[in-house]
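Counting the sequence shown from 1 gives a position; our numbering is that position plus 55.
Each hint should be verified, as a subset may be incorrect.
Here are the computed distance ranges between Cβ atoms for each label pair [said to hold, decoys possible]:
1) Glu119 to Asn336: 41 to 51 Å
2) Lys328 to Ala465: 32 to 42 Å
3) Asn507 to Met250: 18 to 28 Å
4) Asn173 to Met418: 31 to 41 Å
5) Lys519 to Leu332: 47 to 57 Å
6) Ala465 to Glu119: 24 to 34 Å
7) Cys485 to Glu509: 15 to 25 Å
8) Gly392 to Lys120: 31 to 41 Å
9) Gln205 to Lys519: 14 to 24 Å
Don't read these hints as lab results, they were simulated from the structure. Ideal placement from N, C-alpha and C gives every residue a C-beta, glycine not left out.
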Amino acid sequence: MSKYIVVVDQGTTSTRVIIFDKKYNEILNCRRALKQSYPKNGWVEHNPDEIIYDIIDMFQEVAEKISLKEIIGISITNQRETTVLWDKLTGEPVYPAIVWQDRRTQGYCLAMSNDHVNSIIQRKTGLLLDPYFCATKINWILNNVSGLKQRLTNGNLLFGTIDTYLIWKLTGGASHVTDVTNASRTLLFNINSAMWDGELLDMFKIPTSILPKVLSNDEPIGNTDKNVLGESIPIIACIGDQQSAAIGQGCINKGDVKCTLGTGSFLVLNTGKNITLSRQNLISTIAYKINNEIFYAIEGSVFMAGAIVQWLRDKLELLDSSKESEALARSINGNSGVYMVPAFTGLGAPYWLPSAKASILGMTRDTGKAQIVRAGLEAVAYQINDIVKLMQLDFKLNLSEIKVDGGMAANSWLLQFMADILNANIDRACFTEATAYGALFLGAVNCGWEPNLEIAISKRTSMKTYKPIMEHEHRQKLICQWDNAVESTILHSNEATVELV
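Make a model of the complete structure from these sequences and hints.
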C-alpha cells in the first residue's frame, strides 16, 4: 500500500528530502547543505552533480526509514532560473550551474536593451531583461564553453533549470521536461500561448533543440530509474519554489499574497486567470496550470534576504549562527541611523540595477556588530515594503495581511519589524517551509489523495499573527531614511566604473 509522498525541495543553499504521510505529518526530514562558488566578482555557481549525489544519498536514508515501495510519488520543487547545460550522451554538465543570483551577463543585457526589445520581452514573457533569468545565462555558456558546437550539431546538448536536470537524472535520461512555472522564468517562454517562443529564441540566439518539453502542473512526469534510486517511483509533481510556496500558503485565489523569506525574498500576488502586466517594474509570471487553466501572478524579487545573514556570519564573522541575529537586533533600541542596502548581486525589484553595489551608511565610532546585524535584518523589511507599495499602486489594493514562510520566518523580531514597516498583519504558518508543503499539496491532488487544491490547502493552519504597533510618524521617518540610503547607493553605483562582461 502506498502511504507516503516524498518531497524533494532543492534550494539555493540546501537540498531537502522530506517524507510525508497521508495526514501530512512529517516522517523524516533530510538536509544537505549546497556549496556555492564565486569564481569572479558577481559570478555564482553550483556543481549540479553535487545536488543529484546528495538526493541519492538522502534517499538511502529514506530507505532506512520506510520501504521505497510504500512511496506513492515524488514531488519536486526547486530554485528557479538557475541554468544547467549537459551532454545527453554522458549525462555530464558542460559547465557548472549558473545560479539565479549570478550577474555576469549584465553587460550583455545593457547592450541588448532598448525600448523595442524590452517591450517584446515584457509583453511575451511578463519579465524584464535582466541577468536574473535563464536566457542570457544560456547564451553565455554557448559562447564561452569550447566544444559545444559539435554537440549542438549532433543533437547531444540539453538545457534545463534545476528541476529538468534532476528529473532527467532520476529517470535515467527518459524524461527531458519542465513545468510551466519554471519555463516562465527563462525569458524564452510566451506566457500568453504557454509555448516556447521562436522570436525570443532568435533574439537570444538559442536553438530549439536543447529545450525541454513543458508540462502542466497536473501532467505525468515519469518514473525514477531503478538503477538510480533502487525503485521505480512516479514523479507526480514539479513546480518552481516560489509558486510552490504560494500554494503551500494557500494563495490560490485572486488577491492572495505571500512572502517567502529565504536566501532571497519573493513577494507573490495571485492575479487569477488573466495576465496583468505591471506598470511598476514588477514581473508577471505563471502561478500554476491545472485542469488546462493557467493562473498568473505578479512577483517582486528581493535578491538578498537570508543571504544577508549568511554574509554577516560567514564573511564578516559577526555571528556564530544565523539564530544569533535575532538576539543582537533585540539587544539595542533603534538602529542608530545605520542602514544597509544589500545590493551584493545588484538590486532587484523595483530598481533592476545589476550594477548596484552594497553599502552600509550612517556608521559612527559607536557602531558595533549589533547595529550592523540589525541594519541587515531591517533591510529585508524595507525592500519588501518597496514592493508592497508598488503592488498597491498596480492593483489599487490595500494589502492588510501577508502570509510569510521560509527560514527567516523563524525570526520573530524580523516579523514584528515587517508588520510595523508594512503596516500590515504578518501571518506565519505553523510550518515555515511552505515551499515543501506546496509541492506536497500539488502531489496529493495529482496522486488522488485529495480531490482538488482547495481541499488540500485547507490543512494549512496559522501559528501566529504579528500586528503593527509602531507609530505612524516613526514608521515614515525610518522609510524616508531607507529611501535616502538607496538613493545614495544608486548614485554611487552610477558613478562607479562597471565592467561589461
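Going through the hints against the structure:
1. The hint said 41 to 51 Å for the Cβ distance between Glu119 and Asn336, and at roughly 49 Å that hint holds.
2. Distance hint check for Lys328 and Ala465: the Cβ-Cβ separation is about 34 Å, which falls inside the suggested range of 32 to 42 Å.
3. Checked against the hint of 18 to 28 Å, the pair Asn507 and Met250 passes, with Cβ atoms roughly 26 Å apart.
4. The hint said 31 to 41 Å for the Cβ distance between Asn173 and Met418, and at roughly 38 Å that hint holds.
5. Range check, Lys519 to Leu332: about 35 Å between beta-carbon atoms, so the 47 to 57 Å window is missed.
6. Hint check: Ala465 to Glu119, Cβ distance near 28 Å, so the stated range 24 to 34 Å holds.
7. Under the hint 15 to 25 Å, the C-beta atoms of Cys485 and Glu509, about 19 Å apart, fit the expected range.
8. Checked against the given bound of 31 to 41 Å, the beta carbons of Gly392 and Lys120, roughly 52 Å apart, lie outside it.
9. Between Gln205 and Lys519 the beta carbons are some 58 Å apart, a value that contradicts the proposed interval 14 to 24 Å.
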